[in-house]
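Assemble the whole structure, with the sequences as input and the hints as a guide.
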Amino acid sequence: MLRSGNGLNALLLVAVVVCGLSVVTSQHKARKLFIELQKEKESAQRMEVEWGQLQLEQSTWATPGRVGEIAEQRLQMHTPGNGQVRFIWTEPDGQTNNQP
Amino acid sequence: MNYAASAHPDIAAKLPGWRAIVLFALLLAGLGGLLGRGVYLQGIHDDFLQKKGDARYGRVIEISAHRGMITDRNGEPLAVSTPVESVWASPPDVEADRRQVKKLAQILGMDVEEVKNRLFNVSRDFVYLKRQLPPDQVERVVSLNIPGVLLQREYRRYYPAGEKAAQTLGFTGQDDNGQEGLELAFQGRLAGKPGSQRVIKDRRGHIVEDIGSLHAPKHGGDVTLSLDSRVQYLAYRELKSAVENHHARSGAAVVLDARSGEVLALANYPSYNPNNRVNVSSHAMRNRAVADLFEPGSTMKPFTVATAIEAGKVSPNTLINTENGVFTVGDRKIHDSHPESMMTVAQVIQKSSNVGAAKIALSLRSEALWQSFSDSGFGAPTGSNFPGEASGRLRDAKTWRPIEQATMSYGHGMSVNLLQLARAYTIFANDGELKPVSLLRLDAPAPGKRVFSSRTTRAMRDMLEMVVRADGTAPLAQVAGYRVAGKTGTAHKLENGRYVDRYVASFVGFAPVSNPRLVVAVMIDEPNNGQYYGGLVAAPVFSRVTDAALHALNVPNDAPLDNVIAPSANIVEEEV
Numbered sequence: 397m398l399r400s401g402n403g404l405n406a407l408l409l410v411a412v413v414v415c416g417l418s419v420v421t422s423q424h425k426a427r428k429l430f431i432e433l434q435k436e437k438e439s440a441q442r443m444e445v446e447w448g449q450l451q452l453e454q455s456t457w458a459t460p461g462r463v464g465e466i467a468e469q470r471l472q473m474h475t476p477g478n479g480q481v482r483f484i485w486t487e488p489d490g491q492t493n494n495q496p
Numbered sequence: 137m138n139y140a141a142s143a144h145p146d147i148a149a150k151l152p153g154w155r156a157i158v159l160f161a162l163l164l165a166g167l168g169g170l171l172g173r174g175v176y177l178q179g180i181h182d183d184f185l186q187k188k189g190d191a192r193y194g195r196v197i198e199i200s201a202h203r204g205m206i207t208d209r210n211g212e213p214l215a216v217s218t219p220v221e222s223v224w225a226s227p228p229d230v231e232a233d234r235r236q237v238k239k240l241a242q243i244l245g246m247d248v249e250e251v252k253n254r255l256f257n258v259s260r261d262f263v264y265l266k267r268q269l270p271p272d273q274v275e276r277v278v279s280l281n282i283p284g285v286l287l288q289r290e291y292r293r294y295y296p297a298g299e300k301a302a303q304t305l306g307f308t309g310q311d312d313n314g315q316e317g318l319e320l321a322f323q324g325r326l327a328g329k330p331g332s333q334r335v336i337k338d339r340r341g342h343i344v345e346d347i348g349s350l351h352a353p354k355h356g357g358d359v360t361l362s363l364d365s366r367v368q369y370l371a372y373r374e375l376k377s378a379v380e381n382h383h384a385r386s387g388a389a390v391v392l393d394a395r396s397g398e399v400l401a402l403a404n405y406p407s408y409n410p411n412n413r414v415n416v417s418s419h420a421m422r423n424r425a426v427a428d429l430f431e432p433g434s435t436m437k438p439f440t441v442a443t444a445i446e447a448g449k450v451s452p453n454t455l456i457n458t459e460n461g462v463f464t465v466g467d468r469k470i471h472d473s474h475p476e477s478m479m480t481v482a483q484v485i486q487k488s489s490n491v492g493a494a495k496i497a498l499s500l501r502s503e504a505l506w507q508s509f510s511d512s513g514f515g516a517p518t519g520s521n522f523p524g525e526a527s528g529r530l531r532d533a534k535t536w537r538p539i540e541q542a543t544m545s546y547g548h549g550m551s552v553n554l555l556q557l558a559r560a561y562t563i564f565a566n567d568g569e570l571k572p573v574s575l576l577r578l579d580a581p582a583p584g585k586r587v588f589s590s591r592t593t594r595a596m597r598d599m600l601e602m603v604v605r606a607d608g609t610a611p612l613a614q615v616a617g618y619r620v621a622g623k624t625g626t627a628h629k630l631e632n633g634r635y636v637d638r639y640v641a642s643f644v645g646f647a648p649v650s651n652p653r654l655v656v657a658v659m660i661d662e663p664n665n666g667q668y669y670g671g672l673v674a675a676p677v678f679s680r681v682t683d684a685a686l687h688a689l690n691v692p693n694d695a696p697l698d699n700v701i702a703p704s705a706n707i708v709e710e711e712v
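Going down the list, the protein sequences come from chains L and U. With positions in the first sequence counted from 1, the corresponding number in the numbering used here is that position plus 396. With positions in the second sequence counted from 1, the corresponding number in the numbering used here is that position plus 136.
Don't read these hints as lab results, they were simulated from the structure. Even for Gly, the Cβ is constructed at its ideal location relative to N, Cα and C. Incorrect hints may have been included.
Simulated coverage check for chain U against chain L, where a stretch passes if three residues somewhere in it have a Cβ under 8 angstroms from a Cβ of chain L [unchecked claim]:
id: 1; segment: 233-246
id: 2; segment: 355-369
id: 3; segment: 589-597
Computed Cβ-Cβ distance ranges for the label pairs, DEER-style [to be verified]:
id: 4; chain 1: L; residue 1: V420; chain 2: U; residue 2: H181; range: 25 to 31 angstroms
id: 5; chain 1: L; residue 1: Q423; chain 2: U; residue 2: F184; range: 22 to 28 angstroms
id: 6; chain 1: L; residue 1: I431; chain 2: U; residue 2: V278; range: 20 to 26 angstroms
id: 7; chain 1: U; residue 1: Q236; chain 2: L; residue 2: V414; range: 26 to 32 angstroms
id: 8; chain 1: U; residue 1: K150; chain 2: L; residue 2: S418; range: 27 to 33 angstroms
id: 9; chain 1: U; residue 1: V158; chain 2: L; residue 2: Q423; range: 45 to 51 angstroms
id: 10; chain 1: U; residue 1: V158; chain 2: L; residue 2: N405; range: 50 to 56 angstroms
id: 11; chain 1: U; residue 1: L689; chain 2: L; residue 2: A440; range: 21 to 27 angstroms
id: 12; chain 1: L; residue 1: V410; chain 2: U; residue 2: E290; range: 55 to 61 angstroms
id: 13; chain 1: U; residue 1: G211; chain 2: L; residue 2: V414; range: 55 to 61 angstroms
id: 14; chain 1: U; residue 1: H181; chain 2: L; residue 2: V414; range: 33 to 39 angstroms
The structure is reproduced here in structure tokens:
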């Protein structure tokens, strides 16, 4: 009885040590992962900021005023004048119908 | 007890019995003490100790929340907050040689002496070097790596549309709070609420564990306006050129969706660049379309005439004796600039006869006229909730004298703002229903309020279309390919209660007449280049804005493309 008791104690001791170590490692892992998560969150926020800036940039480049100016001055385009625009009605059956 | 006995069997008997009891009691007391301490630490004193422990490694960090975006109806951004860095220094910690200081000054575009003064002013712990830098400059400052020179993140708001919608959008202050315009009106929805979070930080400042958030940050919500940035641009462009050509003091234009009452454009000139508000005068910041009141003048005549038609007093073909252009009410005379002996009601509108309008008004009860003006939204706020909106003045009918009832019929003795006027014209564009104005995009048109019957408004639409014919007051309002209708207005300005020889020229109209989509109102304040009639100053702006906006919105033609008839050399001028 004494002998088997010692064996059990040794087994339990090993189990306790293993559990203890695994608690430590998993805690460590958890912290590492958390840092990772934090980094990802930061980069997500950075990207969001960048997205905002890009959006801003795009809308600044694409203001109607600037587009109009470039179209007229650099590309020599002009707004279609009187009589140069025709509206074409599409009927449900796919036929087109030219009106005024 | 028998350990002692077995070790020293000879003295066992000498041991007094109380020793064992005392020892036992002492041990028990010790155990009790430990238990008590344990309970005390874990149970009673726990909060304090937890706090102390947290203070060693726990930190509360602030999580910033950004302000929501304002977009137009198609999602184009009109106001966006983006973080920028400000460079500040902590003078006691600064270690920099002369070369570094010179370089820093160069990057920041500041005077070297100035930078030196700020950097080495040891009496202060915190001094801004420059606020809100563009990102490329920030990178160069960081690369200098000067100890004691640090960055702070702040939010800055940008307005891509610049001066075109400046007064409508308004702006925010240093702390990103709305101060003017829609930024102020929608402050509650746009503003973010910074949150905070309790975390554990290690020695190097890394966050290693998230203990819990105290309050979650609330990012500001986005606001989708009813504005269409293309239409806004077109309105601003045409308004600007008109104000400049006529050397006017200012001008405003409103474009409404005739079916839903949504505001598609709200433009003002002069304007300012909201991205750089140095030396901006309050003159340029004023949203004239909403905050300025003026006497509407002849643009009120359609409401007078529609009331009379509705009451069954007249029909469009009823002949009115216009007294050869002079009509006396009490001791005052009302004039027409194009005196005629007789006119039909339709011609009263087309040629903008004051005598005709006055006579029609005097055939009505003053309460009836007041009621229909009031139902048309005059004298009350438009419900746009725009900060600083002036609601205009419409006096109680009980106080009207006959001369006032007569002058009110052609828009004198009352005041309106341009948005109110544009909104009132939705009645004619909408078969008699007044639409509420909305600065936010609507998914479904709001229900209107019936003011006139659809028969009356259809008759009025025909009369208003005659205004833009060659023999009306506003042939310059015509648009190629579309039927348009509207009414000119020219009014003396009031100064200290007296009329002066400065004018407000206006034109309000809608198009296409067959199925109105847009209501456009234009107001030019003090045109000063020889012309001041609404038909000459404001109508061309209406024509160009309407033409461009109808094309931009892909509205099909409802008239042949050669419908524009050149006006006769002498455009019918209205009396003011």
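| task | Quick one: see if chain L covers the segment 233-246 of chain U, three-plus residues with Cβ-Cβ under 8 angstroms. | result | violated (count 0)
| query | Q236 of chain U and V414 of chain L, beta-carbon distance inside 26 to 32 angstroms? | reply | For Q236 of chain U and V414 of chain L the Cβ distance comes to about 56 angstroms; the hint is violated.
| For the segment 589-597 of chain U, do at least 3 residues have a Cβ located nearer than 8 angstroms to some Cβ of chain L? | violated (count 0)
| said: Can you tell me whether the CB distance of L689 of chain U to A440 of chain L sits inside 21 to 27 angstroms? | reply: Given about 38 angstroms between the Cβ atoms, the range is violated.
| Taking the CB of G211 of chain U and the CB of V414 of chain L, does the distance hold inside 55 to 61 angstroms? | 58 angstroms, holds
| field | Outcome for the supplied range 55 to 61 angstroms, where the beta carbon pair is V410 of chain L and E290 of chain U | value | 58 angstroms, holds
| message | Between the segment 355-369 of chain U and chain L, are there enough contacts, at least three residues with CB-CB distance under 8 angstroms, for the coverage claim to hold? | response | holds (count 3)
| field | 33 to 39 angstroms as the expected CB spacing between V414 of chain L and H181 of chain U, which holds or is violated | value | 35 angstroms, holds
| query | When you take the CB atoms of V158 of chain U and Q423 of chain L, is the distance between them in 45 to 51 angstroms? | reply | At roughly 46 angstroms between Cβ atoms, Q423 of chain L and V158 of chain U fall inside 45 to 51 angstroms, so the hint holds.
| query | Does the Cβ-Cβ separation between I431 of chain L and V278 of chain U fall within 20 to 26 angstroms? | reply | Holds, since I431 of chain L and V278 of chain U (Cβ atoms, about 23 angstroms apart) stay within the stated range.
| For the pair K150 of chain U and S418 of chain L, does the Cβ-Cβ distance stay inside 27 to 33 angstroms? | At roughly 56 angstroms between Cβ atoms, S418 of chain L and K150 of chain U fall outside 27 to 33 angstroms, so the hint is violated.
| message | Given a hint of 50 to 56 angstroms, does the C-beta separation of V158 of chain U and N405 of chain L actually sit inside it? | response | 35 angstroms, violated
Of the numbered hints stated above, those contradicted by the structure are hints 1, 3, 7, 8, 10 and 11, listed in ascending order.
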